[in-house]
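Asker: One-letter residues, chain by chain:
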Amino acid sequence: MSDAAAEATSAALPRARTDWLPLALVPVLALAALPLVGDLSAWVTLTLAGLAMGMMIFLMASGLTLVFGLMDIINFGHGVFISLGAYATLIVLGPLAGWASADSVTLNLALLLLCIAVAMGLTAVVGAVFERVIVRPVYGSHLKQILVTMGGLIVAEQAIHAIWGASPIPIPLPETLRGAFVVGDVVMERYRVVAVGIGLFVFAAMQLLLNRTRIGLLIRAGVENPEMVEALGYRIRRLFVSVFVAGSALAGLGGVMWAFYRQTLTAGMGMDVMVLVFIVIIVGGLGSVGGCFVGSILVALVANYVGFLAPKLALVSNILVMALVLIWRPQGLFPVARR
Amino acid sequence: MRSTLLPPAGHDETRQRRGPVAWLLSSDPPRSWILSLVLLGIVACLVAAPFLFPGSQPLGTAAKICVFILLVASYDLLLGYTGIVSFAHTMFFGIGGYGIAIALERFGPSWESVAIGMVAALALSALLAAAIGLLSLRVRAIFFSMITLAVASAAAVLASQMSSVTGGEDGLSFQLPAELRPAFRPLAEPLFGITVNGRILAYYLIVAVTAVVFLLLLRIVNSPFGRVLQAIRENEFRAEALGYRVVAYRTVASVISALAATIAGGLMALWLRYNGPDTTLSFSIMIDILLMVVIGGMGTLYGAILGATLFVLAQSYLQVLMGAASEALAGIPLLPELVHPDRWLLWLGILFILSVYAFPGGIVGHLRKDPRP
Numbered sequence: 001m002s003d004a005a006a007e008a009t010s011a012a013l014p015r016a017r018t019d020w021l022p023l024a025l026v027p028v029l030a031l032a033a034l035p036l037v038g039d040l041s042a043w044v045t046l047t048l049a050g051l052a053m054g055m056m057i058f059l060m061a062s063g064l065t066l067v068f069g070l071m072d073i074i075n076f077g078h079g080v081f082i083s084l085g086a087y088a089t090l091i092v093l094g095p096l097a098g099w100a101s102a103d104s105v106t107l108n109l110a111l112l113l114l115c116i117a118v119a120m121g122l123t124a125v126v127g128a129v130f131e132r133v134i135v136r137p138v139y140g141s142h143l144k145q146i147l148v149t150m151g152g153l154i155v156a157e158q159a160i161h162a163i164w165g166a167s168p169i170p171i172p173l174p175e176t177l178r179g180a181f182v183v184g185d186v187v188m189e190r191y192r193v194v195a196v197g198i199g200l201f202v203f204a205a206m207q208l209l210l211n212r213t214r215i216g217l218l219i220r221a222g223v224e225n226p227e228m229v230e231a232l233g234y235r236i237r238r239l240f241v242s243v244f245v246a247g248s249a250l251a252g253l254g255g256v257m258w259a260f261y262r263q264t265l266t267a268g269m270g271m272d273v274m275v276l277v278f279i280v281i282i283v284g285g286l287g288s289v290g291g292c293f294v295g296s297i298l299v300a301l302v303a304n305y306v307g308f309l310a311p312k313l314a315l316v317s318n319i320l321v322m323a324l325v326l327i328w329r330p331q332g333l334f335p336v337a338r339r
Numbered sequence: 001m002r003s004t005l006l007p008p009a010g011h012d013e014t015r016q017r018r019g020p021v022a023w024l025l026s027s028d029p030p031r032s033w034i035l036s037l038v039l040l041g042i043v044a045c046l047v048a049a050p051f052l053f054p055g056s057q058p059l060g061t062a063a064k065i066c067v068f069i070l071l072v073a074s075y076d077l078l079l080g081y082t083g084i085v086s087f088a089h090t091m092f093f094g095i096g097g098y099g100i101a102i103a104l105e106r107f108g109p110s111w112e113s114v115a116i117g118m119v120a121a122l123a124l125s126a127l128l129a130a131a132i133g134l135l136s137l138r139v140r141a142i143f144f145s146m147i148t149l150a151v152a153s154a155a156a157v158l159a160s161q162m163s164s165v166t167g168g169e170d171g172l173s174f175q176l177p178a179e180l181r182p183a184f185r186p187l188a189e190p191l192f193g194i195t196v197n198g199r200i201l202a203y204y205l206i207v208a209v210t211a212v213v214f215l216l217l218l219r220i221v222n223s224p225f226g227r228v229l230q231a232i233r234e235n236e237f238r239a240e241a242l243g244y245r246v247v248a249y250r251t252v253a254s255v256i257s258a259l260a261a262t263i264a265g266g267l268m269a270l271w272l273r274y275n276g277p278d279t280t281l282s283f284s285i286m287i288d289i290l291l292m293v294v295i296g297g298m299g300t301l302y303g304a305i306l307g308a309t310l311f312v313l314a315q316s317y318l319q320v321l322m323g324a325a326s327e328a329l330a331g332i333p334l335l336p337e338l339v340h341p342d343r344w345l346l347w348l349g350i351l352f353i354l355s356v357y358a359f360p361g362g363i364v365g366h367l368r369k370d371p372r373p
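Quick mapping for you: the protein sequence lines, in order, are chains S and G.
Residue numbering for the first sequence follows this note's numbering, beginning at 1 and increasing consecutively.
Residue numbering for the second sequence follows this note's numbering, beginning at 1 and increasing consecutively.
Chain G on its own, in the form it takes in the complex (with noise of 0.2 Å):
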C-alpha cells in the first residue's frame, strides 16, 4: 500500500538539481521569461530605490511598495492559497501598527519598545485571528468573510474610542530609536553621490525584513503544509476524507498571515513615525488589498509583487492622468466625472471584476500561460 503514496519521480529530481537561487525561492520561480524580468526589475529598482530616485517621496512610494508586497502576499497565503476571505486583515495590519505607535510613545524611541510593541503585537494578532478561526470557521467558511468583516469593523471603532491608549482618530506620532532618525549619519563620505542617513536606513530595513518575510511565505506555501492548503482549496470534502483537519490547517493559514500582517503594519509605523485608524485600519485599505491580489494574481505570490507595485503606482500617478483627461472632456456631461481623478477607483473595480472573471490568476497567472516557457 505505501508504495502507491510515494511522490512523483519528479519531486525528488528538483530537489537534487537545485540550486541556491532555488533554495531561496523554495523552488517556485516565476516560470516565465517576461515575469522573471519584470520581477527582477521592480526589485532592482526597490533595492537601489534610495540612489535611483533620490527624493522624500519617492522613497515614500517605494516604501509604501516594499509594505504592501509584504501585506498582500500575506493576504494572498489565505485568499489564494487557502481559499477564504477575510476582511479583517487591516485589522491585523493595524495591531502592528499600533503595537509599535504605542510602545515607542510610552516607552520612548529604543530598539528595546521596537521589540516590545512588536512582540505583543504579533501575541494579541495570532490570538484573535485563532480565536476567530476556531468560531467561524468550524461551520463554513463562508462566515468567516462576514465575521471577520464585523469583528474589523468592531475594531476599527474600538480604536478610535479609546482615544488614551490608541490616541483615537488623530493617531500617535512617535520619535524613532536613534539610527532611524534622518540626522543620523552611518558615513562620513556620500555614497554614489548621496549622503546615507537615518532614513535610509530605515527604507533598508524595510526591504530587508519584506524580504525574508517573502521568501518565508514562499516556503510555507512550497511546504507540504502549502500543499495541503491548496488541496483544502480545490476540494473541502476530498482532504477532509483524507484525513486531514481542514478547521485547524485554515486556522493555522489564517494565523501565518495575521502574523505576517502585523509585521507589515509595524514596518508602516515605522516608516511613517506615525500610525492612525486611516493609514492601517481603514476599510478602504482592505478594499486595495483586494484590489491588489486579484489584479496581481491569486494563489502565485509574485503576484502580491506586481499587483501592490502596480497599484501603489496608480494611486500616485494615475489620478494626474484622469485629471488630465478629465480637463480635455470638460463640457460633455457626466463623462467628465466618470474620469474625474477621484474616480480612479472605479476604473481599477471595473479591472477588477474582469480579472475574476478572465484572468482568474491575475497578471501573473496570464504570463506564466505565454507559449515561451
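Chain S on its own, in the form it takes in the complex (with noise of 0.2 Å):
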C-alpha cells in the first residue's frame, strides 16, 4: 500500500533530473586550456587563482540573483552595497589598526571576521533602508527599477564620498594573509585561500538554507510562484524584504574580500565590479545559486586563461563567454523556469 503510494507519488512527481552539461563545462575548459597555456604548474597556478576569483565574484552576485529570482526586481545600485561593506573596514581598521600589524594568523583572522561582521550588519541596515525607501514603491516595473536603484546608485555613492572624502584611500592586508604559498613550481596567494574558504562556506550555507530548512523552502516556493505561496497564508513581503537585507548583505561580504584583493577603496569600486556580477549571473540564469556560482568560476577562469594568453583581451572574453553561452542557452546555463 505505501510502496504503491510511494510509486504514484513518484510517477506524478519525477524527480528533478540534475542538469549535468553546464557543470561538466568547467572541468573541460579548465583541461582544455591546459595544452594553450603549456606548462603545468603555470596552468595550476592560473586555476586556482580563478577559482578564488570566482569564488570573490560569487559573494557579491549570489544576493543579487537572489533577490531578483524571488522578487523580479534587478538592484542596479547592488553595487553601491559593496563599495560601502568595502568601507566598512575603515570602521574596524581604524581602532583596531594593531590587529593587522600583528604576526598572529588568529589575531588577523579575527580582524578580517570582524570587519566581515561590521560590514554585514552595516549594509543590512543599509539594504533595509534602500528596499524600503528606494525599491518598494517600483515593485513590478522593471523600467523603474532600473532608473531609480540607478538614482540610489548615485546618491549613495555621492554620500560616500561626503563621509570618506573622495581620495582613494590606502588598506593594509593583514600581516599572516600576505605572501603566497609555494608548493613545488605552484604559487598559491595566502588571502586567495582564505578567500576560497569563505566562498565555499557561503555557498554551503547557502545551498543547505535553501534546500534543507523550511524558510528555503517558502523562498524556492516564492521564486516559482509568489501568489501560491501568499495564498497559502505566508507574508511573502516580509520573506522579501528579508531576503533583500540578506543579499545586501552578501554584498557587503563580498565587498570585504574585494577591498582587501584590491587593497584600495574607492567609491566606485563595487560599480566597476558590477559589470562581471552582470555577466555572471546572466551566464548562470538570473535568479540561480547555482548557476551563479558555476558562472562565477567560468567566468574567472576565463578570465585568467586569457588574461595569460593574450593580455589585452581579458575583458572583451568574458563578453565573448557571455555571447556564447546566450547563443547556446538564451536564458542562461541553469534557467530558472517561472517566466
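Rather than coming from a laboratory, the hints here were simulated on the basis of the structure.
Treat the hints with caution; some may be incorrect.
Label pairs and their computed distance ranges (CB to CB) [to be verified]:
no., chain 1, residue 1, chain 2, residue 2, range
1, S, A166, G, E236, 38 to 44 Å
2, S, L90, G, F225, 35 to 41 Å
3, G, G168, S, I91, 34 to 40 Å
4, G, L215, S, R237, 44 to 50 Å
5, S, R237, G, E236, 44 to 50 Å
Simulated coverage check for chain G against chain S, where a stretch passes if three residues somewhere in it have a Cβ under 8 Å from a Cβ of chain S [unchecked claim]:
no., stretch
6, 128–138
7, 147–155
8, 342–354
Don't be surprised by glycine CBs; every beta carbon is placed ideally from N, CA and C.
Please assemble the complex out of the two chains, which come individually in their own frames, going by the hints.
Answerer: Take a look at the structure:
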C-alpha cells in the first residue's frame, strides 16, 4: 500500500534531474586550456587563482541573483553595497590597526571576521532602508526599478564621497595573509586560499538553507509562484524584505573580500565590479544560485586563462563567454523555470 | 472586419489642417503655452548664441547643449518611447567621436576625411547595435540593460588599450578642415559687431545637424513605426499578440538611436577638435544622459531640449552657487560636505529619484498637464 502510494507520488513527481552539461563545462574548459598554457605548474597556478577570483565574484553576485529570482527586482544599485561593505572595513581598521600589523594568524583572521561582521551589519541596515525608500514604490516595473536604483546608486556613491572623502584610500592586508604558499612550482596567494574557504562556506550555507530548511522551502516556492505562497497564508512581503537584506549583507561580505584583494578603496569600486557580476548572473541564469556559482568560476577561469595567453583580450573574453552561452542557452546555463 | 480597423476620425482632421510648422514638428507640437515659450526661448538663444553671448566659453556651453540635446533625444527614443534601458549609449557616442578623430588624424583635415570617418562610425554603430539587440532582446528586455553595461565597459577598456589607434588615455587631437578653423573669415565685414570666423561656422554646423536629426527623430516617433514602439512599451505581450515582431522593432529602434548618438559624438569631436575616453566614453556621461532624460521628461523629445539645457547650465553654474553655500555653512559638521561644489551630483540624484516617483513625465509632462491647454 505505502509502496504503491510512494510509487504513485514518484510517478506524478519525477525527481528533478540534475543538469550535468553546464557543470561539466568547467572541468572541460580547464582541461582544454592546459595544452594552450603549456606549462603544468603555470596552469595549476592560474586555475587556483581563477577559482579564488570566482569565489569572490560569487560572493558579490549571489545576493543579486537571489533578490532577482525571488522578487523579480533588478537592483542596479547593488554595487553600492559592495562599496559600502568595503568602506566599512575602515570602521574596524581605525581602532584596531594593531591587529592588522600583528604577526599572529588568530588576530589577523579575527580582524577579517570582525570586518565582515561589521560590513554585513551595516549593509544589512542600509539594505533595509534602501528597500523601503527606493525599491518598494516601484515593485513590478523593471524600467522604473533600473532608473530608481541607478538614482540610489548615484546618491549613495556621493554620500560615500561626502563621508569618507573622494580620494582613494589604501588599506593594509593583515600581516599573515600576505605572501603566498609555494608548493614546488605552484604559487598560491594566501589571501586567495582564505577567499576560497569563505566562498565555499557561503555557498554550502546557502545550499543548506535553501534546500534543507523551511524558510528555504518558502523562498524556493516564492521563486516558482509567489501568489500561491501568499494564498497559503505566508507573508511573502516579509520574506522578500529579509531576502533583500540578506542579499545586501552578502554584497557587503563580498565588498570586504574585494577591498582586501584590491587594497584600495574607491566609491566606484562596486560599480566597476558590477559589470562582472551582471555577466555572471546572465551566464548562470537570472535567479539561480547554483548557476551563479558555476558562472562565477567559468568567467573567472576564462578571464585568467585569456589574461595569461592574450592579456589585452581579458575583459572582451567575458563578453565572448556571455555571447556564446546565450547563443547556446538563451536563458543562461541554469534557466529558472518561471516567467 | 476592415471597418473596425480604421484610424480614429481626429487623425484625418489634423492631417488636413496642418501648416508648415506642424509639418516640421510632425503634428506633435509642445501642447502647452509655457512649454512652447520656454522652448522657443531656448532655441532662439541657441541660434543667436554667437551674437548674444560673445566669447569662447559661452559658445562652448551652447555647442555642448546642442550636442547633448541630440544625444538625449536619441536616448529618449530608446528609454521613453521603446521602454528599454541601454547603458551603451556612450559607446555609440564614443564611436562617432573616434570615427571623426581617427579619420581626420590619419587622412588629414579635409571634408572627405569627415565623411569617411562619419560613414565608418555609423556603419560600426549600426552593426554593433543590431548584434547587441538581437543577442539580448530576444530573451528579455532586462538582459539588454545588463549586457549593454558590460559591452560599454569593455568598449571603454578597449579604447584605452588600443593606444596605437585611439591614442589611449590621452585621446586624439586633430586639425579641422580649413573652413572650420578660427582663422577662416567668410565675411570681410563684421556682422552685428561680431567677426564671423570658422569657429562660428562650426557652431552653426552643429546647430543645423542637431535641428535636422532632432526633427527626423520627431518624425520617427510620430510615424506608424513610432506608434508600434509605444504600443510595445505599454504592453509588450499585447503588441506581440497583435502580430508585431517585438524583437525586430526594438532592435531597429536601438539601431536608429545608436546612429543618432554616433552623429552627436561626431559633432562633439568636431567642436572640441579632440576626442578621448573622458569626453565621450566614460560611464559618468551615461549617468548624465539618464539624468537629463528623466528630469526633462521621458517619452517626449522636447524633454531632451529642456533636460540638456538645464543640466549643462547646472553643470557650469550650479557649482558656483554651491561653493558659496558651502562657505556660508563652514564650521557645521557634515553640512558643508553635503553642499560642497563636487557634490552637486548628489542633489541631482535626489531630484532624479523624486522625478521618477512623482513626475514620470519630467518637466515636460508636468507642464503639459497644466490646466491652460
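Asker: Each of the hints needs a verdict: does it hold here or not?
Answerer: Hint check results:
| no. | hint | verdict |
| --- | --- | --- |
| 1 | S/A166 x G/E236: 38 to 44 Å | holds (41 Å) |
| 2 | S/L90 x G/F225: 35 to 41 Å | violated (53 Å) |
| 3 | G/G168 x S/I91: 34 to 40 Å | holds (38 Å) |
| 4 | G/L215 x S/R237: 44 to 50 Å | holds (48 Å) |
| 5 | S/R237 x G/E236: 44 to 50 Å | violated (26 Å) |
| 6 | 128–138 | holds (count 3) |
| 7 | 147–155 | holds (count 6) |
| 8 | 342–354 | holds (count 9) |
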